[in-house]
Amino acid sequence: MMLLPCPWCGPRNASEFRYVGETGPRPDPTTATPEQWRRHLYFHANPRGWVRESWYHRAGCRRYFAAERHTATNEVRSSGGHS
Amino acid sequence: MSDADRSADGPTVTIARSPIAAPEPLVPHRGWEVSGRRSAAALTITDLTPLAKVAVRAPMDGAVQRALGAPFGRAARDGAPALDGTLVVGSGPGEWLVLAPVGTAGEVREQLAGIVTEAGEFGTVVDLTHGRALLRLRGEASADLLAKVCAVDLSDAVTPDGAAFRSSVANLVTDVVRDDAGGVRSYLLHCERSSGQYLAAALLDAGAEFGIDVDGFRDPGI
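Top line first, the protein sequences correspond to chains A and B.
Okay, so the first sequence: first residue is 181 according to the working numbering, each after it adds one.
Okay, so the second sequence: first residue is 47 according to the working numbering, each after it adds one.
Looking at chain B on its own, in the form it has when it is part of the complex (with noise of 0.2 Å):
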């Protein structure tokens, strides 16, 4: 332990916490402060923002784009071989937010600059982590909570599982991921990170005749 993690009072522990109220009990994870709470509910909402989120921007159609394996409104996993374990979406024309395991956000952006780096492309790589917030809606009502705050077609013919989008959702610039989870309709949900309390308490009380509940964080998350 450095004299940096020593206080007056004995040692602490260096912790990150979410833009987003998270409901007892509060556990450490990696780092982070999270929620521990369990809920059985149909339709939960879960406070994703632990999550390692690095930004990439490329020309669209090019290297960097086949490497990542996510063309601009699809998300695809373990899309390039050294990205295991990672989430890429493809949310914008040249755009790509690539979602990894808690604590994993260096590496990750290694990886990506090197893959920039090897396409001989100009672009950026940035880590957004403590920059963004990240929640996740699961659930068959998911969809109909959403349809409340956000005008895009949400049915399996125009936004099927894969698909990703960035839209106004409760009024707010959110990127919106379908990411179905277990066979159950899911939803990711980034915006920033100052946001993400306000769409959090947003989604709950549109979710509220849906019976929605908080879950807290389970490992790995994505």
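Next comes chain A alone, as it looks inside the complex (with noise of 0.2 Å):
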């Protein structure tokens, strides 16, 4: 069992949460091209190491959380607080 630290809830279970993806900076909406919009939703980096990633907890407080999560060993370093 995999466990997530959920800044509201405290840890719980993984399958509680739903895995939203790698966070990053947002590009801003008024100068982005499509290019840049697709890279931004579509394309991750998807390394071996420490990444930061936003969840949801769906069977909780329905709030979505960003945490730093090492891929290769799913150690979980930090919670990112609330989103």
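Derived by calculation from the structure, the hints in this document are not laboratory data.
We put the beta carbon where it would ideally sit given N, CA and C, even for glycine.
Take these hints with a grain of salt, some might be off.
[Claimed, not checked] Covered, in the sense of this in silico footprint (three residues per stretch, anywhere, with C-beta under 8 Å from a C-beta of chain B), are these stretches of chain A:
(1) 193–200
(2) 231–241
[Stated by the list, open to error] One side only, chain B facing chain A, incomplete, derived with CB under 8 Å:
(3) Gly138
(4) Pro139
(5) Gly152
Fit the two chains together into the complex; they arrive one by one in their own frames, and the hints show the way.
Structure (structure tokens):
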């Protein structure tokens, strides 16, 4: 079982969450080109190592939050706080 | 009696039913059909679906929360003067569930709408009575039963009397409230109406080893 630290509910089983994906800076909607939007929405770095990602606590507080996870070990380093 | 209450076969009564099949005998109670069964078992499960259930959403840590008297993760009885006889559950961040005696949903909704208006915050008040199912587990073994189907720590240190959380119970999203009754450990379980029969069956199955039995509805239920 993998535990994820929800900033609202505390550590919970990962099966209670929906994986949303890697998070990064959002392009400025007024100036971004379709190409930049596509890269932001669908292209991810997918490294072997630490990645900052967004999760949705569907079976709990129903909030999104950010967490840092190591993709090789599944170790979760920090919870990114409320979002 | 209005014309709508009459049929060719004689007078009829408008009645609501819980999604959970009730054991005999069936008795009417304020417009609901409930089970009149009485059980003396040490661990019982009771269908409390007829209770009024009203959801409130508003900013957390604001005036509405102060008026309701229950922060996220806690349940408070008679939290506000206007809400006598109710149980206010802080079911999520900026989200509350108010449980009240059968047939009072309209009044409670009005009272809560007044609280939200008075607080001057953007909020919503919705009557969920007929859209949700509510169960009560009662007995010292209820935590052992829940531990079989729920991963949250149910010890007194983590979830004492008055604690509330939402989690997966038998793989179903359920609001759980520790609401000890008469010094006996007890839990309220609140889920979508369409999942009520499943949750009741799953708990009866998990509770078989503890000798669980179905107890009928007893007023006021909370």
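Now for the hints, and whether the structure bears them out:
no.: 1; hint: 193–200; verdict: holds (count 3)
no.: 2; hint: 231–241; verdict: holds (count 4)
no.: 3; hint: Gly138; verdict: 5 Å, holds
no.: 4; hint: Pro139; verdict: 6 Å, holds
no.: 5; hint: Gly152; verdict: 27 Å, violated
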